[in-house]
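Respectively, the protein sequence lines represent chains A and B. Throughout the first sequence, residue numbering follows our numbering, covering 1 to 163 in sequence. Throughout the second sequence, residue numbering follows our numbering, covering 1 to 161 in sequence.
So, partial list: chain A residues that the calculated Cβ filter (under 10 Å) puts toward chain B: (1) W23; (2) V31; (3) H32; (4) I36; (5) W44; (6) L48; (7) R56; (8) I63; (9) V153; (10) A159; (11) S161.
For the record, the hints were derived by calculation from the structure and aren't laboratory data. By construction, the Cβ of each residue, glycine as well, lies at the ideal position given by its N, Cα and C atoms.
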Amino acid sequence: MLGSIADWLAGTALSHQLQATPWAIPLLQSVHILAIAALMGAAWVVCLQVFGVLERVQPLPEISDRLLPWIHAAVVVLALTGGLLVVAEPKELLFSGVLQMKLLLLIGALAVTSMLHRKIRATAAYGNERTQSFSVLRGIAALSMLLWVTVAVAGRWIAYSDF
Amino acid sequence: MTTSTFFEWLESTPVSVAIAQSSWLFPAIEAVHVLALTAVVGSIAMVDLRLLSLWSSGVPAGRLVRSLLPVTWVAFAVAVVSGLVLFATGATVYLANEPFRYKLLLILLAGVNMLVFHALAGQRLNSWQAGATPLFARFAGGLSLLFWTGVVFLGRWIAFV
Numbered sequence: 001m002l003g004s005i006a007d008w009l010a011g012t013a014l015s016h017q018l019q020a021t022p023w024a025i026p027l028l029q030s031v032h033i034l035a036i037a038a039l040m041g042a043a044w045v046v047c048l049q050v051f052g053v054l055e056r057v058q059p060l061p062e063i064s065d066r067l068l069p070w071i072h073a074a075v076v077v078l079a080l081t082g083g084l085l086v087v088a089e090p091k092e093l094l095f096s097g098v099l100q101m102k103l104l105l106l107i108g109a110l111a112v113t114s115m116l117h118r119k120i121r122a123t124a125a126y127g128n129e130r131t132q133s134f135s136v137l138r139g140i141a142a143l144s145m146l147l148w149v150t151v152a153v154a155g156r157w158i159a160y161s162d163f
Numbered sequence: 001m002t003t004s005t006f007f008e009w010l011e012s013t014p015v016s017v018a019i020a021q022s023s024w025l026f027p028a029i030e031a032v033h034v035l036a037l038t039a040v041v042g043s044i045a046m047v048d049l050r051l052l053s054l055w056s057s058g059v060p061a062g063r064l065v066r067s068l069l070p071v072t073w074v075a076f077a078v079a080v081v082s083g084l085v086l087f088a089t090g091a092t093v094y095l096a097n098e099p100f101r102y103k104l105l106l107i108l109l110a111g112v113n114m115l116v117f118h119a120l121a122g123q124r125l126n127s128w129q130a131g132a133t134p135l136f137a138r139f140a141g142g143l144s145l146l147f148w149t150g151v152v153f154l155g156r157w158i159a160f161v
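The task is simple: from the sequences and hints, build the whole structure.
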């Protein structure tokens, strides 16, 4: 099934157009990386704020409110540019085991990040950060950061893998 | 030792050769470089968009800058070290690569822009409330966004020429 999807995508006018434009792939990849910067910047700040590493300039729920739009906008741009990159090289990318793994990790990263931001709002007792529910919040933040880092590393690895 | 023999020596050191010949070391260091770069650009973009009043951080610009600086500097240090290691694996090739040379130039310009901005802004940075940034601050924020976007584009272009 994947094979017929790849064949169909490779035959589309858009795929031919992208293939015929020498700067299309580096351009899409650059925009993709810029969106990763927006996402990773927001993810690091939220995670480090939860851990208390960065100076707490405002309450955590407000930090989450201010930075969630960065993550949402980045995910939209990443899906668009990532989708176009697949259309440009469907036969190389759809069968890439690394890309398939990246997409699985991405689902995990999105789920844990969404959980993190809901938990930030649900954790009421910010006065005392030694509570058990705050430890849970730290655990979720660390897991979400770890997943985003793995997604990004897997993304870079697509270009180097043979399977 | 002339500069060109220095760069030839640099890419022939055992460490450079080992990284260049390994099947996973180069991509691994490159992945670290890209991760660090995204943290640098992401955290700087927050300050830039705040200065341009395109994003509301909810706190005065000075406090935002102070809280983000550790992220920017640690990530920048990691990006520079990993970048130097990647450079050492093919110093003469990178030096001849145009996107690479322009990328270095843009990083330099971004640094000068930041220094000039902080010299002009000084302590006033702490008093700018949402939407109340002076013209030179907006200008510096716009330039910074342009420079760092250029750094990302040129970095990706190194592999395509």
